[in-house]
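Make the full structure from the sequences, and use the hints.
If you want the building blocks of each chain, they are given just below.
Number of protein chains: 2
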Amino acid sequence: MTNHIGLFGFGVVGQGYYEIAKNDRLALLPKTIVVQNKNKERDHSLQFSFDPKDILDAPCDIGIELISDPVQAYDYVSSLLKSGKKIISANKKMLSAHLPELLELEKIYGGSLLYEASAAAGIPIITCLDCHFRGDHISQLQGILNGSSNYILSRLFQDDLSLQEAVKLAQENGFAEADPTLDINGSDVSSKLTILSLHAFGKYIPEGEILTLGVQHVHAADVALAKSLGLKIKLIATAKQTPQGLNMYILPALVGESDPLFLVENEYNAAKITSQNLGEQFFQGKGAGSLPTGASVYADLTKVEKGYAYSYDKLNGQKINPQSPHPTSLDAMISADSLEALKPLVASAPIHQANGKYWAVSAISTAELINQIPAIEANKVSVIALNNVLSKEDALAQIQRQETVSLK
Amino acid sequence: MTNHIGLFGFGVVGQGYYEIAKNDRLALLPKTIVVQNKNKERDHSLQFSFDPKDILDAPCDIGIELISDPVQAYDYVSSLLKSGKKIISANKKMLSAHLPELLELEKIYGGSLLYEASAAAGIPIITCLDCHFRGDHISQLQGILNGSSNYILSRLFQDDLSLQEAVKLAQENGFAEADPTLDINGSDVSSKLTILSLHAFGKYIPEGEILTLGVQHVHAADVALAKSLGLKIKLIATAKQTPQGLNMYILPALVGESDPLFLVENEYNAAKITSQNLGEQFFQGKGAGSLPTGASVYADLTKVEKGYAYSYDKLNGQKINPQSPHPTSLDAMISADSLEALKPLVASAPIHQANGKYWAVSAISTAELINQIPAIEANKVSVIALNNVLSKEDALAQIQRQETVSLK
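These protein sequences, in sequence, are chains A and B.
Counting in our numbering, the first sequence runs from 8 upward without gaps.
Counting in our numbering, the second sequence runs from 8 upward without gaps.
Hints may contain errors.
As the list makes no split between identical chains, a pair holds if one copy fits it or if it spans any two.
Stated by the list, open to error - Only pairs whose alpha carbons sit at most 25 Å apart, straight line, appear in this in silico PhoX-like list of lysine-lysine:
#	residue 1	residue 2
1	K210	K29
2	K210	K321
3	K175	K45
4	K364	K29
Source of the hints: derived by calculation from the structure; they are not laboratory data.
If you want it as structure tokens, here you go:
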């Protein structure tokens, strides 16, 4: 065990990994830690470098990239792969954007790249998808993949907080960034779904191609309606094989109590995988935090040391080609503050007024909806997928139950 | 991919593996299949051998052992390990009894042994325990590890069947053996807990040392009482680290709706792992069946091909020494048809008569209870762990609620 390990970044995840390594018998600690900010207060017992060359040009065997800037992360990771090194990364934005090139570099130069911590933090979901489904056909993957959003939804449902209050509490508890945009608008989830789908289906769908709505427009009226039916709303990422192609979408969705996703609360993440041989598999664990994320980095480190590499079985040896998801139609409950904001989204579905809002239940096309996202965000329209929990008729009846005025 | 694979056994699991291999691009099919029974009707397109030497003395690289007889299985597996071969086994009885010797053989002769299918069928729980918790400390493992028992409990709770009817239905649906004893008395679970605990805690506790009660004495009155409180009864295997040592027990236990084990129904299995770094991780999947079990065998095969071997990190490089679990005290609800059967188990706890049975709520010592198992089985005493779901006082109040006569 004389591997020379170089670490880029010493933030929340880097410190989590370091803490775990320090206390483990194997003590797979970095020999060099490169950080960016010279003025930051740091642990005085550690030596830091500010020059990436101290890793990139050094005789290092394993590089660990745990910085936040995806552009710089790509530079480091691609440069190390070009030297045939073993690399661990947790940078979901960078990975989801560059996996095709990185896998090509891995192949050409004989290095290897692991990234368990990039999706669902502590859950070993990438490893499981990569090595437990050989000879199997995964038909669907559904997940709760953002700890901040899930924490916020738990506060809405359990504590009757407003979205603003819940976001503030998530920040105070370290489950959301100072700028929580990427968390609550679902962008973080689409990066993860891109990564997971490559392993689950052998398809590379760039995250910009995935219909993605976050939790930022889930309103108190939606929560009240779901609660009155014993349901919850969760931010669900779905990738589903159909004979026509892979459907993919990330939407707040109704979840019923018989679904294991129903019990996933707070910063926990989960993934539900349906396959031909295994039926339904379900994985749940912490989706955020220094130690859970650091633990996945450390697990990767022990694996990469032993020569473990992802097999990307579902690619069947083919080169990665970026694809678009196949459009589909979903039933959803849609509400907005104004008739004008709602109308373009719901085609000919009848519109009802209740609880100070305009509501409709309609089939929506993922292909059309993705073009409407700027308008949805500008007008704070709430779109909640029915997720086969309620029929359109039942959802409509529930809205009408609380209805005051019906509009033609 | 010119590995020569030899397969022992072509029963439910063997056929599941074969089916998966046949349809996979890698086609990791056995070159030789050795079976025992010459008179059994078999697939005519396949060639079978009846002589184990066709694998044991052949230039085979990988042996797969999927027979039911643990004695013969040990012969095959140990013999192949002595030739430094790579072996996959699903024989939980054999493995739980012989892991110390087998690991020794693995080390001496340089072979390797994988056995994902031996516990929780399709769930990759052994791989996850073995490679995702390095540098972590697992404090507790709780699982539903027997598909037949869980299927039976689902029928008691969902369909109001009697235990006898539920067992019959489990057999008819292929979830229980013709002789269901090892399934319903929990013996199968203790084999699995022995195997999982070696990876989770680095401790080898022979299954005979584990307090094990099955579902065979869960009575309609228990089900009625649990249901009236919105609770379920599940057969829960527990291994728990304490400063004094490892507690281990397998008992029917109350489970509340906030516990992910609450939603595990039918032939599904699950494991809940609590650790210092990762908090609570939860895995759920099919715990029985030809394809789910065969899928784990096939996953092992693709791993062993690439040189993957278990790391047994938690052993910290130490030799395996059989240990006893550390005794502990558990709160339980105990009931029997006669006062005489109940009294020796409940010390000084007050006894109540209700629903035609005698009941008590008492702390029980795992060390004492293990000695009482013959009497418990002979007298069909029901022992249901409260599992921190109800306090002793609340459990007693619930029994008294349905009480007719109170005895001093």
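For each hint, the structure was consulted:
1. Taking identical chains as interchangeable, the C-alpha atoms of K210 and K29 lie at most 25 Å apart only when they sit on different chains, with a minimum of 23 Å there against 38 Å within one chain.
2. In the homo-oligomer, the alpha carbons of K210 and K321 lie at most 25 Å apart inside one protomer (8 Å), although the nearest pairing across protomers, at 37 Å, exceeds that limit.
3. Proximity of K175 and K45 under a CA criterion of 25 Å is satisfied in neither setting, with 30 Å inside one chain copy and 71 Å between copies.
4. In this assembly of identical chains, the alpha carbons of K364 and K29 never lie at most 25 Å apart, being 55 Å within a copy and 57 Å across copies at closest.
The structure does not agree with the numbered hints 3, 4 stated previously, though it agrees with the rest.
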